[in-house]
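These two chains come separately, so use the hints to put the complex back together.
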Amino acid sequence: DIQMTQSPSTLSASVGDRVTITCRASQSISSWLAWYQQKPGKAPKLLIYKASDLETGVPSRFSGSGSGTEFTLTISSLQPDDFATYYCQQYNSYPWTFGQGTKVEIK
Amino acid sequence: QVQLQESGPGLVKPSGTLSLTCAVSGGSISSTNWWNWVRQPPGKGLEWIGKIYHSGSTNYDPSLKSRVTISVDKSKNQFSLKLSTVTAADTAVYYCAREYCTNVVCSPTHSYGLDVWGQGTTVTVSS
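Those protein sequence lines, which keep their order, are chains A and B. In the numbering used here, each residue carries its 1-based index in the first sequence increased by 46. In the numbering used here, each residue carries its 1-based index in the second sequence increased by 958.
If you are wondering where the hints come from, they were derived from the structure by calculation, not from laboratory data. Each statement offered as a hint is correct.
Selected chain B positions facing chain A (Cβ under 8 Å, derived; list incomplete): (1) N1017; (2) D1019; (3) Y1053; (4) P1066.
Please read all numbers here as calculations on a predicted model, not as lab measurements. A virtual CB, placed ideally from N, CA and C, is assigned to each residue, including glycine.
Chain B with its partners taken away, still in its complex shape (with noise of 0.2 Å):
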């Protein structure tokens, strides 16, 4: 079964570059699946950043995006978070999510869900 598993620094300076990386075992990036990244600041709830399809399509949320980039490695089978000029309001567990489809397009109608989690990845903004 498929799995995933989230990498990249623990600590971020104040305007840096947060990156992480989430691994995909057990079965193709390059499946007609989507992937995404999800963060959860210290005792809130969950926060939707973005998605990836293995052809390199995006969407990101608004609120984020002139911050964001999602980038896929398929020869790694990989797919990469950056966010830049962090702030503490960035800090927050991190994780990457399968969207399982049965469609290229991914459509509501062919999305069942973020049905596969890493494990997260907890990353401070902080001089």
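Extracted from the complex, chain A is given alone in its bound form (with noise of 0.2 Å):
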């Protein structure tokens, strides 16, 4: 199986602060990696895939980078609603498997 492996796993912000998240895999995935929000008590949501495709309807504030074995998920200018829990997610070859999460806090 492939590991991903999230740092920080957790990290204290302030609003208008730039936020860099790193996932690393264990093996090369290409590009093949994406990037979910959670909020406690709610689903995960979608994101960026295919390492640097932004979703439709997320804001421009978030990107993407990297390719093979190191990505970086990054918050330009980090809002009331960006504190949550980051995971990253490979799906280059099965089982698909996701890094720890990286939580996000108020500094």
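Written as structure tokens, this is what we have:
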């Protein structure tokens, strides 16, 4: 199985901050990576697919980059609605696997 | 727009079988999309369980494969999950989700991620 490792596990930031979350794959997954946002008690929401393609309706302050084994999710200017947990997920090969999550907290 | 709704018992006895259904509304299950189950144990991350195409083709997580069956009922526009011989470790919120695909095979090139999710249903394994 491909292991996905996110860092940091928790991130404290303020509104307006630029935030970057890293996701590393245990082997190359090309660009087959998605990012999800999850708020407490809610289902995950797709933000980005194919490493850098923004899902329809997702604000442009979210962006993704990377290929191979290292990927990043960037929020250019953190908004109050962005405090949540973020997960990366590889769909290069089965079984699909998720990172352990990064919780973005209010500083 | 497509919506998904999970349903099923919230409590299952150890060694029993967990059975959930995901109703698809606002679209046909017989599209090029694949239909997934994902779970989340309390306080933990997301775990992919498996997926199905309307033809009945499936892919499962090998760690669960011996206990999992995902099936589809095109006449009811829904798909289902059965997980046998459950233990407390199977206690989780279970989500159904659509994988948006532009091709029947849905290789990564033709996959656009898990773009529609149900609200989730909590299943507790306890006697």
